[in-house]
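Please put together the full structure from these sequences, using the hints given.
Just so you know, the protein sequences line up as chains A and S, in that order. Note that the working numbering gives residue 232 to position 165 of the first sequence, counting from 1, and the numbers run on in steps of one. Note that the working numbering gives residue 346 to position 9 of the second sequence, counting from 1, and the numbers run on in steps of one.
Rather than coming from a laboratory, the hints here were simulated on the basis of the structure. Some hints could be false.
[To be verified] Here are the simulated DSS-like cross-link-like pairs (lysine-lysine), alpha carbons at most 27 Å apart as the crow flies:
1) A:73 to S:527
2) S:340 to S:527
3) A:319 to S:340
4) A:229 to S:411
5) S:340 to A:85
[Unchecked claim] From chain S, some residues computed to sit far from chain A (all C-beta separations above 10 Å):
6) 343
7) 371
8) 392
9) 393
10) 400
11) 402
12) 403
13) 416
14) 464
15) 484
16) 489
17) 519
Ideal Cβ placement from N, Cα and C applies to all residues, glycine included.
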Amino acid sequence: MTLFEKIWNAHVVKSIDKNRDVVYIDKHLIHEVTSPQAFDGLRSRGIGIFRKDRILATADHNVPTINQHLPIQEPLSRLQVEKLHENCKQFDVELYGLGHQYQGIVHVIGPELGITLPGMTIVCGDSHTSTHGAFGNIAFGIGTSQVEQVMATQCLILEKSKTMRINVEGTLGKGVGAKDIILFIISRLSAAGGTGYFVEYAGSAIRSLSMEARMTICNMSIEMGARGGMIAPDETTFEYIKGRKFAPSGEKWEAAVDYWKTLYSDNDAVFDAEFTYDAQDITPMVTYGTNPGMGMGISEHIPSENTTESTLKSLNYMGLHVGETLAGKRIQNVFIGSCTNSRIEDLRQVADYVKGKQKAPHVKVYIVPGSKQVEIQAKKEGLDKIFEAAGFELREPGCSACLGMNEDKIPSGEYCVSTSNRNFEGRQGQGARTILTGPLMAAAAAIEGKIVDIREYLN
Amino acid sequence: MEKLNKIVSTAVPIPIEDIDTDQIIPARFLKAVSKDGFGKNLFRDWRYHQDERPVKDFILNNDTYQGQILVAGKNFGCGSSREHAAWALADYGFKVVISSFFADIFRGNALNNGILPLQVSQDVLDQIFSLIESDHQTLLEVNVAEQTLTAGNLKVSFEIDPYKKVCLINGYDDIDFLLSIKDDIETYEKSRVFTL
Ligand code: SF4
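Following this line, the structure appears as structure tokens:
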């Protein structure tokens, strides 16, 4: 059996037909944007939350990332966040709201608090729920109707996904990280290449990654259309979870680890699709278009083959053309944050690089921690001082400029080198032009004021 | 949920691939706390300039093309899980979206809101685009019970999950079913070998 099948089978309450099961959900995470209509649904049916200990709320998408101690200025955003507070109060749901020491981007706080564990089923009304799969569980994004279903019954009616395994073997080159691996994979498989699949990432290059780097990979599974991504748990996983706030302890810990050790794809497991890549082929990546599949190595040129009407429309939006290289391109904004790259390791990596350097004067830099805990830790380590000295500003936690919903938006027509996960038209603000990279490439772009090949800047 | 069985309508073609949910309904419109009124912001940034003037050559601003059926390029609905995309399409009046490929989450969201994501081959999709291009009055007929799509001389059948088909035709949603099996869910919880 595959890892996916083992976890799925353990959660089937009832089969409806050949490919459709009622699946039990262990953890349900909610936030302010996709939950209000679900709460309304419960109210109009006159029912409550079925299992209160399995649901947790936070505010992240629609919050400002400065002055979080003050009331939210934008009236609609304030209303939505207030609504979450009211709903959580009325339905008795645990909420980590603004200012709470555990508040943060929903996919950052689950893992860091030890809520996200191997073998679970985890859902959230947000497509990047795939992030949690790094711990070896089935985690995926759902729509608001399904949010209501899980609130009401702790179950979903689901069609079993097909399974895909992607192996990355070998050692990563200098300046190449998890973000480059996943951008590389998506550029090979396309933005739709994983649709209908649950992806397991395997191979020596994946095994060698830290938990935070594994989360970056699983996070972007949805960008190739996959339902979710997962990595079999191992010592690295157990080590990361141990001692976290809500992680099991004592006897429960021993029992949990014993169970978690059974969670891997058997040698004879059959996948519906399988791909293998050589880590040596991966170089620092950049995207040039308006979907994450439109990516290339930093020394490559925008491909001229297969240019469709859609590709040209996208290049036109980006102000780029076929055959162009992105190295040397002047940029105006850098965003380091989002559930893809806003954890403490990302901030450490950036701080380490920018220490003693100055940002280019024309560049605006946003550094947004993924959670209050990341912010506290960064300050404890003095990273905020390093950022300040470089001319960067460490903001307060939230989704920020990952999506043009809160106050942090990229002005129309400007380029933004972003560590987030989506370069869709208007994603970072109307007319904003997003170039996705890993945190090191983004840090270097902030310092140089243009896109550079990080490998030339590392000793 | 509204019932959906048979629809005969002209169609609105948008032959663009990888239309993501940020295009269908941009993030800044997700601040609402109810499901209503999203239709006016459907495809907002393709439909209006930043100063609110309509974009003349965008199809939704062209009265020649109207109807309850949207025909779009492959990989429609990719990106975010926001159900607001389905609400916007439904509120605008679309009941069927035809494409050669749908993103997973969107497909589920559409079905949960009484919209049929009707998948056809790339070849059939191209034929439908050219039929509409040559005559914008072309009537498309979608029959859910029979699982057929008819347009001019073209008649094809389409796949739909048997369970979802029953839901669509009768206007049921998943939650009604789940609420009816609460006993099974409690039995499962008790029988679970390993739970945290
Ligand atoms: S950081 Fe971006 S991708 Fe992640 S949950 Fe927030 S809006 Fe979604």
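Each hint tested on the structure:
Our distance criterion of 27 Å between C-alpha atoms is met by residue 73 of chain A and residue 527 of chain S, whose separation comes to about 19 Å. For the given pair, residue 340 of chain S sits about 37 Å from residue 527 of chain S by alpha-carbon distance, which is inconsistent with the 27 Å threshold. The suggested pairing of residue 319 of chain A with residue 340 of chain S is violated, with an alpha-carbon distance near 49 Å, which exceeds 27 Å. Between residue 229 of chain A and residue 411 of chain S, the direct Cα distance comes to roughly 20 Å. Compliance with the 27 Å bound is thereby established for this hinted pair.
As the CA atoms of residue 340 of chain S and residue 85 of chain A are separated by approximately 25 Å, the hinted pair is consistent with the 27 Å bound. Its beta-carbon lying about 24 Å from the closest one in chain A, residue 343 of chain S satisfies the requirement of being farther than 10 Å from that chain. At roughly 6 Å from the closest C-beta of chain A, the C-beta of residue 371 of chain S falls inside 10 Å, breaking its exclusion from the interface. Remark: the non-interface label on residue 392 of chain S is consistent with the geometry, its nearest Cβ contact in chain A lying 13 Å away (cut-off 10 Å).
Under the 10 Å C-beta cut-off, the non-interface status given to residue 393 of chain S relative to chain A holds; the minimum distance is some 17 Å. Residue 400 of chain S, annotated as away from the interface, keeps every beta carbon of chain A farther than 10 Å; the closest lies near 24 Å. The beta carbon of residue 402 of chain S sits about 18 Å from the closest Cβ of chain A, which is more than 10 Å, so the claim that it is off the interface holds. With a least beta-carbon separation of about 23 Å from chain A, residue 403 of chain S lies farther than 10 Å from that chain, consistent with its non-interface assignment.
The claim that residue 416 of chain S is not at the interface with chain A is violated, since a C-beta of that chain comes within 10 Å of its own (minimum 6 Å). At roughly 18 Å from the closest C-beta of chain A, the C-beta of residue 464 of chain S stays outside 10 Å, upholding its exclusion from the interface. The Cβ of residue 484 of chain S lies farther than 10 Å from every Cβ of chain A, with a closest approach of about 16 Å, so its non-interface assignment holds. Every beta carbon of chain A lies more than 10 Å from that of residue 489 of chain S, the smallest distance being close to 24 Å; the non-interface claim holds.
Distance check for residue 519 of chain S against chain A: the nearest CB is about 7 Å away, which does not clear 10 Å, and the non-interface claim fails.
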